[in-house]
Amino acid sequence: MIELRQLCRDFLVGDQTVHALDHLDLNIDKGEYLSVMGPSGSGKSTLLNMLGLLDKPSAGEYLLNGTATSGLKEEQRASLRGGHIGFVFQSYHLIPRLNARENIELPLVLAGVAPKLRQPRVDELLARLDLVDRAEHIPNQLSGGQRQRVAIGRAIVMEPDLLLADEPTGNLDSKSGLEVVTLLEELNAGGITLLVVTHDENMGARARRRLHMIDGAISRDWQTDSAESKSILTAKPPTGKPLTQKTDGKAPGEF
Amino acid sequence: MRFGDLLAFNFKAIRRQRARSIMLLIAIAIGVLAINLLTGIGEGGKQFVLGEFDILGKNVLIMVPGKKETTGGIPPLTGETTRDLSLRDAEAILRLPNVSAVAPLIPGKIEISHGSLSREAFTIGTNRAFFPMRKLELAQGSILPEVPMDQAVSVCVIGSKLRRELFGSRPALGQWLRAGDSRFRVIGILKDRGQGMSLDMNDAIMIPVASAQSLFNTEGLFRIFIELRGLQELDKSRQRITDLLKNRHDGEEDVTIITQDSLLSAFANILDTMTLTVAGIAAISMLVAGILIMNVSLIAVSQRTSEIGLLKALGLPARTVRLIFLTEAMMMAAGGALVGLVISQVLLFMARQTYPSVPFATPSWAMLGSITVAMFTALIFSAIPARRAANMVPVDALLDKTAG
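So the protein lines, in turn, are chains A and B.
Using this note's numbering, you'd call the opening residue of the first sequence number 7 and step up by one each time.
Using this note's numbering, you'd call the opening residue of the second sequence number 142 and step up by one each time.
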């Protein structure tokens, strides 16, 4: 479903070029559940932005469902985002003037879906997300967990193939966090491809496939169910920098 | 995005940013108010002035002694030597086939007295035909009698104000007035017509033209009003009259015939230009509103950066992002225009109540124009902020932490 070929993303900081993604290769199959971990600045969020078509690579190719995205116009990228990709952000990114129902409904509104067709879909999601009695509340009147549930509702209302979550539990207490994770996993069980960027070891460990990133490259990529770590440390090291161990001193995959 | 959804989405944004929206609304409203109010006053003034001159019907020609034409040479230093218009001329014109009536006019000012009261009054020597031509209505009595034009009769019709001044609450009909060396019996009193700009008939006294000739010791007529039977063949009738006068005046074309229309259109042109100028000046206030729209919209775009990032992440194309900001500005402009329009109409209504004789009313071109200008201003001045929003890179916009 997703294929990254030698994907690069460079940023200019001052007069220095920083390689946020460094010749990255990655294949993700439909229905997979991945977590991406790694120290700050390792390129996790940049990877997520690339996968979400929010940012353009400096080099390399990104194929989404077989379509090469590098040659696409901005309008086409927007249309792919709207139809195939859902986002869940750490800071929710809800529109403060819209209530829970309207925030969930927003992608349908933007896509020009008729109100008659929107209503049942949103009602269904509100029920599923346990937000029925919160439907008319604006984000300020909701708890963190409720806000994130609204954000998830908004992310899946268009029935995307791919759900990208950037630190979805980062602002939540452990109970709400667990609720949100469980919800995301239920969605994955329903067939949606789920990729979670997280600092939370526990959350990362729940994914069936785990990626560990360092300095813009994937340092480890392994399946947890088989508990067999597929080290790619032997792959070409990132340009200009030696490979380093994880900052907390643990070996990748060891918690 | 459906149009209804777009409007609803914008409406919520406008409501949320209340202070900003009210500021823009006021700016636009002032611009629209200024245009509508000023053109309303201008148009009212124009209609008032034209109304004053429009008392004569379209089928009435005005004949003036002397020929006004530009020859390009040095004007004669001695002034124009013109032949007078005589009562014979007027009678001859009346005999023309398409002429239904003529009213000669000799104006002057003379001391009018009754008993111990006296007053200098505007005196008009004319005939019976003058009354319907100038649409003069009587409150009491009758108009001047049907007599040959050269026959002096000692009767007069007076204006309502003159009647009040000379007779107070006593009856005036049938009383005698002294005017210079002559005496006139009051046979009619005009209806009060309110203060006008042209001749104030309320303060006038009308006597037969032959009486005026002897009173003012003059033969020549100041004007001859000629009423035609219809508007058809206006030019032909006009030519016929000119030819007749030329014949009578030894082959010399020494009269000028003015139509009411040409007079009015000249006035209308001047007054229209004035109204347009005023509207133009008012439109400058719209420019100020436009600059305000641009600044406030730029601030709004930067405040809503995160939201723009989100909308783009949710698949909204750049052109729709632009459309959102453009329509939002236009909705506020429409709201402001409506407020300005309503206030201007209320003010003009109040003006009409205060000065009933002046028909203050915004012309429809100004109403439509002011709304169009307001919308265009919003469109043009929100174009840059809208473009900035549309061109935002979604990932950068999302990183903005000011909202969420």
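Treat the hints with care, as some may be off.
Quick look at which bits of chain B chain A covers, simulated, 3 or more residues with Cβ under 8 angstroms [as the list claims (entries may be wrong)]:
1. 150–162
2. 448–459
3. 530–539
Just so you know, these hints were derived from the structure itself, not from any lab.
The beta carbon of each residue, even a glycine, is placed where N, CA and C say it ideally should be.
Hints and how they fare:
1. 150–162: holds (count 5)
2. 448–459: holds (count 11)
3. 530–539: holds (count 4)
Violated hints for the displayed structure: none, as all numbered hints are satisfied.
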